[in-house]
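The listed protein sequences derive, respectively, from chains D and B. Residues in the first sequence are numbered from 406 upward in steps of one, following the numbering used here. Residues in the second sequence are numbered from 406 upward in steps of one, following the numbering used here.
Keep in mind the hints are simulated off the structure, nothing from the lab. It cannot be assumed that every hint is accurate.
All copies of an identical chain are treated as equivalent in the list; a pair is satisfied when it fits inside any one copy or across any two copies.
Computed list of lysine to any residue pairs in SDA-like fashion (alpha-carbon distance at most 25 Å, straight line) [what the hints assert, rightly or not]: (1) Lys500 / Gly846; (2) Lys633 / Gly870; (3) Lys500 / Ser649; (4) Lys633 / Glu701.
There are 2 protein chains.
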Amino acid sequence: MTMRRVVIIGGGFGGAFTAKYLNRYAPRDWEIELINSTNYFVFQPLLPEVASGTISAPDAVTPLRLMLPGVKVRMAEVIGVNRAENEVHYLQGSKRIPLSVKYDDLVLAVGQQTNLSHTPGFQEHSLCMRNLADAHQLRNHVIQCLEHADVTEDPELKSRLMTFVVAGGGFSGVETAGELVEMIHRTLKFYPNLQSEDIHTVLVQRGERILPELTLRLGEYARQKLSKRGIQIMLDTSIQSATSTAVYLDDGTGIQTQTLVTTVGNGPRPITESLGIELQNGKIPVDEFLQVIGNERVWSLGDAALIPLGHQNCSQTKYAPPTAQFAVQEARCLARNIIAAQQDKPLTMFSFKPKGSLASIGNYKAVAEVFGIRLSGLLAWLLWRGLYIGMLPGFSTRLRVALNWLFDYFLPRSIVQIANNERPATYYRRYAPGDVVFRPGQLVDGFYTIVSGYLESRIADSAAGEDFVRLLGPGDHWGERSLSGNFETQGLLTAVEETRVLILKQADFRNLRAAFPGLDEYFQRISEKIYAPSLRSGSNSARNSESRGIQR
Amino acid sequence: MTMRRVVIIGGGFGGAFTAKYLNRYAPRDWEIELINSTNYFVFQPLLPEVASGTISAPDAVTPLRLMLPGVKVRMAEVIGVNRAENEVHYLQGSKRIPLSVKYDDLVLAVGQQTNLSHTPGFQEHSLCMRNLADAHQLRNHVIQCLEHADVTEDPELKSRLMTFVVAGGGFSGVETAGELVEMIHRTLKFYPNLQSEDIHTVLVQRGERILPELTLRLGEYARQKLSKRGIQIMLDTSIQSATSTAVYLDDGTGIQTQTLVTTVGNGPRPITESLGIELQNGKIPVDEFLQVIGNERVWSLGDAALIPLGHQNCSQTKYAPPTAQFAVQEARCLARNIIAAQQDKPLTMFSFKPKGSLASIGNYKAVAEVFGIRLSGLLAWLLWRGLYIGMLPGFSTRLRVALNWLFDYFLPRSIVQIANNERPATYYRRYAPGDVVFRPGQLVDGFYTIVSGYLESRIADSAAGEDFVRLLGPGDHWGERSLSGNFETQGLLTAVEETRVLILKQADFRNLRAAFPGLDEYFQRISEKIYAPSLRSGSNSARNSESRGIQR
């Protein structure tokens, strides 16, 4: 037998467990390398509990090196696969040096990513629940809302800050909504001006029931429990669009909110699309042995793969759902098949042995269906936690996590908001017609450019006795003056139609202009060009370009 | 007695304890408001232990609302004080709405910030140790270095990744170096290719001894312990400059490293400078009652204030050092004086009652001097931890923190690298003469502009049989092609003199160009202009601008 190198891309349930099983069953001289963008494995179902602070982030993840002794773990960003040369290309280190590694067998366990492009405003304004950074961000965002709601004197703003919308009624959405409500209730005592009845949480589900992964009875139990906790569940409803202050439903009604969490909308990662494999439904098609069709030494599993469930007596092919339980069983089958293929033994078809379903719904309650038995309430919740504890590597980690959970039961919930600097330098905001973009007196602390749509600027002109109004369209911008310090708007800026604005942070804008003397000229030139015709009746052609902006 | 409002700016030791004492001693109808940019109080001396993972971030901080029941806590960014109107101006919420609050008494407890501008390269390449985000960043950076060092095949790079330089031999620097070394030693078992002897930690101290805050004997004990742990201590040495790959000392020698932690160089915050108060040594001058000189109802304490120690029999005035212990005692004096002033009672002069000094040096050791008794080793360390536990609010928090520490003693150290997206869109790199900026084959994944200095680009030209060389100067840039995807350099780019480069991340660069059609033209125009004359002998005037870049 010759030495063999298996390279696994991805350290989620599929990839990490493939590495684990290969390490256990493969001949000793095989080299198993796992490449992942983080150095840890995330227990994804616990992310809502990280967001709510029930457990701390390090307790929801496990270092891959600790979980997989004997496996070569490489923290790097995979940028491509050359299947002709059996090579994986990746970027290594903070300077992102491009390197490559050869494989005998390749396992694509790259998962999926959230695709927010289908609904206007989701990309700009929704929070996700996919990785640890998402959970952190949601937590910080909610604490920010509570801090602000506690001190603001604007009742409309307060109500918006205390309204939380979750899109998607599957496992992730239900648990997120449940945990959010529990977290807010348990921290209210620190906010003297917030009352329990101020909280408004909405779960929006496109289908006719929540938790379609479970039986009808369990789903119904979960719905009742969530409703009792004060969560408004909207079934057969979908979100049509979102802005930074509202969510619009398909019946045309709007919900004023500053918090939208999206748990729906999955799509392929760029790496999946770059493989040169013809995807089906955005997934990598594999045969019943988990081999990528037409690629003998390339395998795939988990959320990234389209896996036929062959042994079912259906006329229509069924495919494996993207759950952790499936991924772990797929990993076991895949690892055995890689070894069998190399030893010229027959491969095993993937078949799923259901072991039960569990969903936490917050407040120490869960719903479960295990080996045909239905459970709900605290017992199900304890089972759910117990299963997770059992998956953790090492007694010590288990003990620590269990104790932290025990503490959480008795102790006040922490409201520490760890610094959240994740927002990139450029970001977008989306406005619906009529939305106020800037009010007089508001601070302009960045550089704003209209990407699409139109805004109306209205400045009270006491000398003329009437408002000075003009339209701003694509390419128009404001905030250049933020270079010399913060300043406040004097005009009212509202969206005339659906408008998308790009924002560049003040500090970065300053850096760029300082580095490019030419940019200064460019902005000078632009600000002198004639804008869209003014809407103001009467002549204002004498107004110089200075007075045309909204920032005076 | 009339209702009175005291506004405190800053939630560090000075501000938080002033609020605490005022809340305890002031008449019931006083309103005490504390404004801080985070909603938590940081126990600053523990930051190095957060960076090393001994304690988790939430355990080193306390929510201000939990610590200060009865005090109005406002999470906001203070942007100015109008002393004529007795108003504090601040930005509230994620949309940064400008608001203001009136005060009867104002307490300036704004602290200082790290000023890195004095040493070339510090701003671009050093990590700080001032707040929770800094500690997080250092931790992530070190784990990144270990992950990369474990898999790289370049011995020079590996040695650089395993070299850690700490600037400053005071409390913060010593504890940071000690904790770093302990963390790395304890995580080595996860990195099969890293050995204990690969680690190289250097502590650079300008003065002739470390821990000048302590007695000579204790400082010497700490020095011996750190040396035994393998930390190289360079006394009477200062760092002259830094790049992303090296630190240069005042004797001209360089240390190849990718990690520089700076614990020196404090200066006033922008808010302090904006007060219109004439600063002394960058601090707010106060009298012995902690009143800002010439401002009856404005008070200051902590690191931001220059506080005379009046009762000393010296010809030269001594000032309070910026330590937590001083700040807490100042807070007590200040709170009493605000109350006394309002009741027309005499004010109390600030005087300091030393209660001892403590410094943790890693590996469960500390040095201490308490009530005249000197301690070192584990006993001192337990005392140090005990004092902190005693300061935590509430039994529950104390128990949790104590247990986490206990676990750390027995359990393997976690190496989870929580997502670190803190780098802003634009950032700078500094290169020393001869430094390689890009090697052939390296990835260009952003837009690079020279701010100052000159780089030499050298491209092998097999057709001409000699290298094509040209100079790039201020305003020259490369990486425009990263818009259409990552690509690799073909030339070698080295610094001719000290050079500073501004980098804009690829994604942000794309967003900007997409939003500004005019920017495209601008870059087009720039790339067609004649660059600095080529250094290549012979004529190359026929080369078009395309072949002049380094990115082919």
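Verification of the hints:
1. Taking CA atoms no more than 25 Å apart as the test, Lys500 paired with Gly846 passes between copies only; the shortest distance there is 13 Å, against 43 Å inside one copy.
2. In the homo-oligomer, the alpha carbons of Lys633 and Gly870 never lie at most 25 Å apart, since the shortest distance is 56 Å inside one protomer and 80 Å across protomers.
3. For the identical chains of this complex, Lys500 and Ser649 are inter-copy neighbours only, at 10 Å across copies versus 35 Å inside a copy, given an alpha-carbon limit of 25 Å.
4. Neither within a single protomer nor between protomers do Lys633 and Glu701 lie at most 25 Å apart by alpha-carbon distance, with minima of 53 Å and 56 Å respectively.
Taken one by one, the earlier hints fail for this structure at numbers 2, 4, listed in ascending order.
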